[in-house]
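Protein chains in written order, with my numbering: chain A, 1 to 553; chain B, 1 to 343.
Hints should not be assumed to be uniformly reliable.
[What the hints assert, rightly or not] For lysine to aspartate or glutamate, the following DMTMM-like pairs were computed, each having C-alpha atoms within a straight-line distance of at most 25 Å:
1. 64(B) - 308(A)
2. 281(B) - 296(A)
3. 222(A) - 157(B)
4. 275(B) - 94(A)
5. 37(B) - 24(A)
6. 250(A) - 306(B)
7. 276(B) - 18(A)
8. 146(A) - 273(A)
9. 222(A) - 273(A)
10. 281(B) - 272(A)
11. 137(A) - 94(A)
12. 137(A) - 68(A)
13. 326(A) - 118(B)
14. 344(A) - 290(B)
15. 344(A) - 233(B)
16. 83(B) - 67(B)
17. 300(B) - 279(A)
18. 353(A) - 233(B)
19. 16(B) - 18(A)
20. 302(B) - 248(A)
21. 64(B) - 209(B)
22. 494(A) - 134(A)
23. 235(B) - 308(A)
24. 275(B) - 308(A)
25. 302(B) - 117(A)
26. 64(B) - 130(B)
27. 213(B) - 68(A)
[Said to hold, decoys possible] A few chain B positions that, by computed beta-carbon distances, are all more than 12 Å from chain A:
28. 4
29. 83
30. 107
31. 121
32. 124
33. 178
34. 212
35. 286
Calculated directly from the structure, the hints in this document are not laboratory data.
Built from N, CA and C at the ideal position, the CB exists for glycine as well.
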Amino acid sequence: MAGLAATLGSGAMTNSIEDLAEAEVMIVIGSNNTETHPVIGMRLRHFARYRGTKIVVIDPRRTDLVEESALWLSPLPGYDLALLNGFAHVILKEGLQNKAFIEEHTENFDAFKSVVEKYTPEYVETLTGVPKDDIIKTARMYATAKNAAILYCMGITQHSKGTDNVKAVSNLALLCGHLGKPGSGVNPLRGQNNVQGACDMGGLPDVYPGYQKVHIKENREKFEKFWNASLSEVPGLTVVEMTNAMHDGKLKAMYIMGENPMLTDPDLTHVEESFRHLELLVVQDIFMTETARMADVVFPAASFAEKDGTFSNTERRVQLVRKALKEPGTARQDWDIIGGIAAKMGHPMPYEKAEDIFDEMRKVTPQYAGLTYKRLGMNGLQWPCPDETHPGTPILHKGKIARGKGLFAAVEYRPSAEVPDSAYPFILTTGRDYYQYHSATMTGRVRLLKEYCPESFVEISSEDAGKLGIQDNDWVKVESRRGHVIARAKISDKVQRGVIFKKFHFAEGAVNRLTNPVLDPTSKIPELKVSAVRLEKYNGPAVEPESQGMCLM
Amino acid sequence: MQMIIDGKTVIAEEGKTILEAARSNRVFIPTLCYLEKLLPIGSCRLCIVEIQGHENPVTACTTKAFDGMVIETNTPRLREMRKQTLGFILQTHPMDCKLCDVAGRCQLENLVKEYGAEPPMPKRAHKAEERPYSTPAIRYRPDRCIACSRCIRSCREVVGRSVLDLSGNGIGAKMDIVAPERCISCGECLSACPVGALTHANLPDGVSEGAKKVATVCAYCGVGCSFELNVKDNKAIKVTTNDYVGANKGSLCVKGRFGYGYVNSPERLTVPMIKKQGVLKEAGWEEAIDYVASRLAEIKGKHGADSIAGLTSAKCTNEDNYVFQKFMRAVIGTNNIDHCARL
Ligand code: SF4
Ligand code: SF4
């Protein structure tokens with residue numbers, strides 16, 4: 001989300017789900033939200049059917065939403081930036097930009113303009129494979145709509161140039177002034193239920209709660225005083241950097257609360273090896289996950305159903321979570337376990353209940369300052385909410401962009417770190433399934449959800465399957481420069497020639513043994529969406545999928 | 001604009017239907033086929049009202065209110081007509097409320113009681129019927145269906161899937177599953193059903209009796225849907241929704257509506273464990289906390305604070321996350337904190 005923070009001054013979704021109803025045109029790029037954000041997916045279908053919203057889906061795969069869309073553009077994975085610059089080119093060439101908005105609310109327009117100069121529809125067609133007429137049509141639709149919104153997700157960010165992709169998205173909004181109004185904005189959909197909150201709370205290596213940078217002296221002093229401790233001025237390591245530091249022996253101990261990196265990290269073989277170098281691994285979770293099995297100490301934690309507290313959703317809505325059940329056995333609240341260790345280490349954290357923590361947090365987190373449990377009530381409130389009389393902020397950048405001036409970014413298309421070659425001729429791209437969730441620790445235990453998605457397939461186009469002599473349900477071996485997996489093939493018209501697709505929920509055939517851990521230099525997000533692989537029919541000894549055991553695990 | 005409802009002068013918003021105008025003024029007009037989030041169809045004919053100067057009653061859900069309108073919602077004539085309408089429904093609908101999971105919360109049952117309705121003709125012996133539905137998550141009992149089409153319209157208008165449709169008409173009308181392959185098991189239809197024709201497949205009849213509802217937020221994806229976890233005997237037994245709250249206004253996906261079971265799982269961790277000779281063994285809380293605290297202190301002393309790192313969680317609450325990063329920063333002394341959200 002570093003891209004949007006740089007260009008607009010805030011990395012969060014600018015609109016609310018509800019006000020997206022006002023969009024005349026909606027570009028949905030790199031977001032298979034029917035599967036990843038199902039209720040948003042439902043709303044989009046509703047808008048298309050009953051409000052006449054014209055949806056343009058941009059996705060290498062034929063996603064479910066395509067059937068409700070006005071237009072589907074399918075660039076090869078990794079070419080989104082070229083396409084986005086192509087739209088900007090057309091808008092400028094046809095004079096459809098919002099000159100008054102650019103004048104008043106933006107900067108760096110000229111540099112941006114000269115970069116998109118060369119992205120003619122013809123050139124972009126040769127790069128991306130998207131017909132130039134579709135590029136022109138989309139650009140016109142977006143630019144001439146009264147309100148237009150862009151929605152995007154991991155399909156845009158999980159690339160070695162994800163930050164630039166995001167900036168190119170924000171360029172379009174700035175160019176047309178599609179910001180700060182109902183139905184107009186730039187909307188990253190956050191994946192897991194409380195990603196927004198984990199970031200807001202400073203669960204990141206470079207910021208304290210409320211995105212206050214750790215390297216800025218005033219911030220550090222403020223928190224040192226507030227917490228009565230001396231704090232480090234060096235930004236910490238990101239998750240993928242941590243793995244490398246473990247491998248190099250620089251990281252000796254790791255404390256993991258409720259995450260399962262042994263399944264979700266790119267390049268699993270490397271991750272597993274790195275974890276073995278640790279002197280101490282502590283895992284706090286509700287189940288014995290792949291990662292917990294490797295731990296020296298495992299703490300049993302409460303699940304959401306046993307917790308009081310708050311979650312912050314993708315539209316910045318802070319909502320109350322309420323305790324419905326008693327913890328199983330002796331399991332404890334996550335914060336309470338941490339508090340116990342802190343106390344033993346000489347820093348007592350005497351919170352009695354979740355609300356005490358919230359009240360402490362909001363004293364030092366300006367965006368949350370005006371929120372109280374009482375005010376959150378049934379519907380929650382959307383941050384920023386600076387004081388207790390403030391009604392919350394459903395739409396960001398209203399009247400004025402948070403950054404002051406919106407920053408146009410001059411970003412060039414660059415090829416993905418790995419492009420197909422003769423040895424690894426296919427592009428592998430990854431995604432999620434509607435019935436499953438991230439590492440399946442939770443969903444894998446729900447019978448109904450498992451029945452629907454018992455193992456994950458490799459989707460292959462019928463053309464490629466034909467050439468390789470692969471039939472539906474055959475075992476295939478997919479191999480990258482980092483490892484291989486064996487899985488069943490599913491011949492599908494959802495993927496195009498040269499591209500294969502696999503979901504990443506199960507330990508068995510974990511697709512992340514293949515993916516490329518190369519990072520976006522700014523956001524440090526790995527390139528999960530594009531790796532070069534080769535594919536062959538697998539005739540080796542039968543592989544009994546451990547799916548039952550594994551996804552139950 | 002102004003109108004008179006049951007003799008009272010009330011203010012209503014321009015462009016509203018009579019039903020909306022009445023509800024916004026707390027006048028209750030009975031309905032069965034109406035749901036606020038769906039387009040009104042006026043098919044159940046329970047919301048009939050009389051407009052001064054009009055011979056025949058009209059359905060309030062499909063008739064726009066206008067300034068100066070004078071309406072009656074509860075005359076003896078209307079009551080008699082509603083009683084008859086309900087009687088017709090009872091001709092085919094079983095009256096085995098005692099066996100029904102929605103008993104007590106059933107909109108039909110409540111109206112029948114209020115109006116004292118009875119089937120016009122003697123009922124034939126009723127045969128309970130159960131048929132496969134478009135998803136195994138939902139139990140479908142066609143004999144209880146009153147053809148209000150709320151499920152059909154929810155699936156079409158709210159979810160955009162069009163799995164269901166109505167076939168036949170009049171008293172022979174019934175719901176049909178026309179495109180089961182398009183079903184995403186979201187349960188929008190289940191929550192729209194005013195009677196017990198669609199119920200939670202995992203629940204034997206009567207189980208939700210006495211369950212407590214706790215309003216909370218889904219723990220799966222970033223939409224953050226609100227729902228009520230229904231609990232009984234310290235077990236989550238089902239999820240219900242409220243059409244008027246949160247980001248989702250009553251809609252959920254399969255994970256939110258049917259994916260809560262893991263919290264009851266016997267595989268949940270219940271005691272701390274410490275690895276001894278390569279094997280994780282159960283330990284006491286004291287012991288485990290002491291061990292972790294002393295090992296962390298030792299490693300920090302030997303290799304410095306930056307040799308320790310923590311992964312916080314996008315599945316935990318804000319409060320957990322705040323405490324975790326505070327612990328890493330203020331107690332351990334490092335900024336090595338991240339979570340897997342990038343992935
Ligand atoms: S579960 Fe959802 S998709 Fe399936 S029939 Fe019901 S409303 Fe339609
Ligand atoms: S119910 Fe479905 S869409 Fe809603 S938060 Fe849960 S997982 Fe997301």
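So, going through the hints one by one against the coordinates:
1. 64(B) - 308(A): Judged against 25 Å, a Cα distance of about 45 Å means the pair is violated.
2. 281(B) - 296(A): The hint holds at about 10 Å.
3. 222(A) - 157(B): violated, 51 Å
4. 275(B) - 94(A): violated, 67 Å
5. 37(B) - 24(A): holds, 21 Å
6. 250(A) - 306(B): Judged against 25 Å, a Cα distance of about 8 Å means the pair holds.
7. 276(B) - 18(A): violated, 53 Å
8. 146(A) - 273(A): violated, 54 Å
9. 222(A) - 273(A): Between residue 222(A) and residue 273(A) the Cα gap is close to 39 Å, so the pair fails against 25 Å, i.e. violated.
10. 281(B) - 272(A): holds, 22 Å
11. 137(A) - 94(A): holds, 12 Å
12. 137(A) - 68(A): With Cα atoms ~17 Å apart, residue 137(A) and residue 68(A) stay inside 25 Å; holds.
13. 326(A) - 118(B): violated, 46 Å
14. 344(A) - 290(B): With Cα atoms ~7 Å apart, residue 344(A) and residue 290(B) stay inside 25 Å; holds.
15. 344(A) - 233(B): violated, 35 Å
16. 83(B) - 67(B): violated, 30 Å
17. 300(B) - 279(A): holds, 12 Å
18. 353(A) - 233(B): Holds, at about 24 Å.
19. 16(B) - 18(A): Satisfied, since the Cα-Cα distance of roughly 21 Å is no more than 25 Å.
20. 302(B) - 248(A): Holds - the C-alpha atoms of residue 248(A) and residue 302(B) are around 17 Å apart, at most 25 Å.
21. 64(B) - 209(B): violated, 40 Å
22. 494(A) - 134(A): Holds, at roughly 19 Å.
23. 235(B) - 308(A): With Cα atoms ~17 Å apart, residue 235(B) and residue 308(A) stay inside 25 Å; holds.
24. 275(B) - 308(A): Violated. Residue 275(B) to residue 308(A) sits at ~31 Å, over the 25 Å cutoff.
25. 302(B) - 117(A): violated, 57 Å
26. 64(B) - 130(B): Measuring from Cα to Cα gives roughly 40 Å; hence the hint is violated.
27. 213(B) - 68(A): violated, 36 Å
28. 4: holds, 33 Å
29. 83: holds, 35 Å
30. 107: Holds, because the least Cβ-Cβ distance between residue 107(B) and chain A comes to about 23 Å, which exceeds 12 Å.
31. 121: holds, 41 Å
32. 124: Holds, because the least Cβ-Cβ distance between residue 124(B) and chain A comes to about 36 Å, which exceeds 12 Å.
33. 178: holds, 16 Å
34. 212: violated, 8 Å
35. 286: Contrary to the label, residue 286(B) does not stay out of reach of chain A, its closest Cβ about 9 Å off (not over 12 Å).
Consistency note: the structure conflicts with the earlier hints numbered 1, 3, 4, 7, 8, 9, 13, 15, 16, 21, 24, 25, 26, 27, 34 and 35.
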